[in-house]
Amino acid sequence: MNTLLEGLKQGLELGSIFALMALGYSMVYGIVKMINFAHSEFITIGGFLAYFITESLLKSTFGNSIWSLLIALVAAIIVCVIVAIITERFAYRPLRKKGSSRITALITAIGVSYIFSGIMNAIEPEQLQFHKFVDKNTSFYIAIITTAVLLALLTFFVKKTKIGIAMRAVSENEQAAKLMGINNNFIIALTFMIGSALAAIGVVIYLLDGECFTFEIGSVTIGLYPFVAAVIGGIGSLPGAVIGGFLIGIIRAITQVYSNIGLSSWVDTIIYGIFVIILLFKPSGLLGKDVREKV
Amino acid sequence: MIWFKRMNKRNLISTVVGVLVLTLISIFSTKSYELPKILNLIFIYSISALALNIVCGCLGEFVLGHGGFILIGYTTAVILMQQISKLFTKSMGKVYFKEILVYVVRGGELHPMGYVFIILTVIVAALITAIIGFVVGLIALGRLKGDYLAIVTLGISLIFVNVCKNFDSLGGGTGISITTTISSTPLLNLAFLVAILILILTFMGSRFGRNILACRDDNIAAEACGVPVNKTKVIAFTFSSLLAGIGGALLAFVQPQAPTAFGQDMSILFLIIIVLGGLGSLTGSIIAAILIVLYENWFCVQSWVPEFFANNPKIIYGIILVLIMLFRSSGILGKNEFTWNWFYKLFKKKDNKKETLEGDK
Numbered sequence: 001m002n003t004l005l006e007g008l009k010q011g012l013e014l015g016s017i018f019a020l021m022a023l024g025y026s027m028v029y030g031i032v033k034m035i036n037f038a039h040s041e042f043i044t045i046g047g048f049l050a051y052f053i054t055e056s057l058l059k060s061t062f063g064n065s066i067w068s069l070l071i072a073l074v075a076a077i078i079v080c081v082i083v084a085i086i087t088e089r090f091a092y093r094p095l096r097k098k099g100s101s102r103i104t105a106l107i108t109a110i111g112v113s114y115i116f117s118g119i120m121n122a123i124e125p126e127q128l129q130f131h132k133f134v135d136k137n138t139s140f141y142i143a144i145i146t147t148a149v150l151l152a153l154l155t156f157f158v159k160k161t162k163i164g165i166a167m168r169a170v171s172e173n174e175q176a177a178k179l180m181g182i183n184n185n186f187i188i189a190l191t192f193m194i195g196s197a198l199a200a201i202g203v204v205i206y207l208l209d210g211e212c213f214t215f216e217i218g219s220v221t222i223g224l225y226p227f228v229a230a231v232i233g234g235i236g237s238l239p240g241a242v243i244g245g246f247l248i249g250i251i252r253a254i255t256q257v258y259s260n261i262g263l264s265s266w267v268d269t270i271i272y273g274i275f276v277i278i279l280l281f282k283p284s285g286l287l288g289k290d291v292r293e294k295v
Numbered sequence: 296m297i298w299f300k301r302m303n304k305r306n307l308i309s310t311v312v313g314v315l316v317l318t319l320i321s322i323f324s325t326k327s328y329e330l331p332k333i334l335n336l337i338f339i340y341s342i343s344a345l346a347l348n349i350v351c352g353c354l355g356e357f358v359l360g361h362g363g364f365i366l367i368g369y370t371t372a373v374i375l376m377q378q379i380s381k382l383f384t385k386s387m388g389k390v391y392f393k394e395i396l397v398y399v400v401r402g403g404e405l406h407p408m409g410y411v412f413i414i415l416t417v418i419v420a421a422l423i424t425a426i427i428g429f430v431v432g433l434i435a436l437g438r439l440k441g442d443y444l445a446i447v448t449l450g451i452s453l454i455f456v457n458v459c460k461n462f463d464s465l466g467g468g469t470g471i472s473i474t475t476t477i478s479s480t481p482l483l484n485l486a487f488l489v490a491i492l493i494l495i496l497t498f499m500g501s502r503f504g505r506n507i508l509a510c511r512d513d514n515i516a517a518e519a520c521g522v523p524v525n526k527t528k529v530i531a532f533t534f535s536s537l538l539a540g541i542g543g544a545l546l547a548f549v550q551p552q553a554p555t556a557f558g559q560d561m562s563i564l565f566l567i568i569i570v571l572g573g574l575g576s577l578t579g580s581i582i583a584a585i586l587i588v589l590y591e592n593w594f595c596v597q598s599w600v601p602e603f604f605a606n607n608p609k610i611i612y613g614i615i616l617v618l619i620m621l622f623r624s625s626g627i628l629g630k631n632e633f634t635w636n637w638f639y640k641l642f643k644k645k646d647n648k649k650e651t652l653e654g655d656k
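Protein chains in written order, with the working numbering: chain A, 1 to 295; chain B, 296 to 656.
Be a bit skeptical, because a hint or two may be false.
[Said to hold, decoys possible] Below, a sample of chain B positions facing chain A; criterion: calculated Cβ distance under 10 Å:
1) Lys304
2) Phe357
3) Val456
4) Phe503
5) Ile563
Derived by calculation from the structure, the hints in this document are not laboratory data. Just so it is clear, CB atoms sit at the ideal spot from N, CA and C, and this is done for glycine as well.
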């Protein structure tokens, strides 16, 4: 990890993982205009579940095979999706029904995030190490290919399929979409499900090469970076989230390369500095649409 | 001082009596061990929550970076106090300085000179925080609003935390390398709280205060009526960071804290307090601050309380936030202020019943 090239490679891997997680933030914001702070906790839940399942499978007949990884991945996705549905159903939907303000939704999201992170802390406050399935090189290719494939699939899904069109309609104008016979609640729940599934996939790829992690993986280690990536790229835009993810991932990896001059401890300042500057000059992000305020 | 004339006389007298009672408690609290700490935290948290409430409740803009401004006030106060101690130790010799400033926690009294030092330090720290808040407000508030403003302030506060972590003279990673040499007393913090409340009431009653409320209710309508929206927002933000600086500086004289604690968690703690009390309600913030401090420092340490509460404050706070938002999104008091009317009603039950009966007929 000493040369710039190695740093770039690391950055691309990290960037594609951030991109996967940023897609979740971006899609949810695009459709309900709410920053889903609980998304970082979906990441944590996915990581934990994958860890516990691989640990138990490693002792069984599956052993160190790719099957135990796949089973863990699927289980993590399913549980994350269920958690997302529950969150949406019991915390966010009642607010939408009441027609609450966006600040109310934001505060609720922070509350939900706090609940999950507190529960994770209560379950396992120790540091864990994920089983090393593949080496660093393979995990790089896995990360890049998965992100590319998922982005292509997602773009196809949103642009071409009927449900995707309904999704875009809801994000454009919820009331009008409802009048056109679109089941709003279903579409919004589906968006949450896709977002959390992407978060689970992202965190499993992140942990794949034997990474150490704690219950703070979602809120501190990976933290707000995917979210920053989504905002930089233009929240609500799929390719924007991926561009933002790569940008943040590469910046983070490059600061690691130059850690001998103390750059790595400034990573937060650099990333948030760039983030603030971009937002000040282009408040809707790099690829976001400008929306003018109407009277 | 419009608020002063508008205030019900009975309410005013009750409030003055309440403050006097608190003053007496503060003076005599130094005899016990736990009470001064709880009182200090209540007063300081109230100040910081009031500061956040001006932007979130009165101006209606959402800020997630309040902890960053408290951190600036805290760090400035600590550094100033260290410089002052150095100066005095050099010129007067160590022994005399210690005699003046050392405050014995149990049963001790702070020397009058200590009060002067603390007040001066707090004022300077608050001014520096206000200048930084003014710059941030000037840059961010004109261009951004809503969710984006919330995120940008969060990012800026994380930059502050990161900078403090990187310089040992600003606290370093642990924050233990910098602590003040003296501690403050509940009485001083109470005095600051009362002074700030009067300041806020005067400010909110003035033209600027009414402009702020107009901006909250309808940005565009306010602009059409000739309210300078951007200027008002920056003024409110600067005022808020000034008060946050005072809160942070006072906190420096009460407990040592690592810069990491000031990041997201402290911003969200104050968010919880103002949401619990009611956005826009000054007295609501104070009541909620009392509840949160009592929960953390009194309820959790009781022997009959299960350890679960002390170990997992995040779950409790999360549940509080979600439940408030779902069932009473206006908080305890809504936009109303606390009055003593309920207290007098306790003695007037019969009269009340008569009135309602007559009203029904």
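Each hint, compared with the structure:
{"no.": "1", "hint": "Lys304", "in the structure": "violated (37 Å)"}
{"no.": "2", "hint": "Phe357", "in the structure": "holds (5 Å)"}
{"no.": "3", "hint": "Val456", "in the structure": "holds (8 Å)"}
{"no.": "4", "hint": "Phe503", "in the structure": "violated (23 Å)"}
{"no.": "5", "hint": "Ile563", "in the structure": "holds (6 Å)"}
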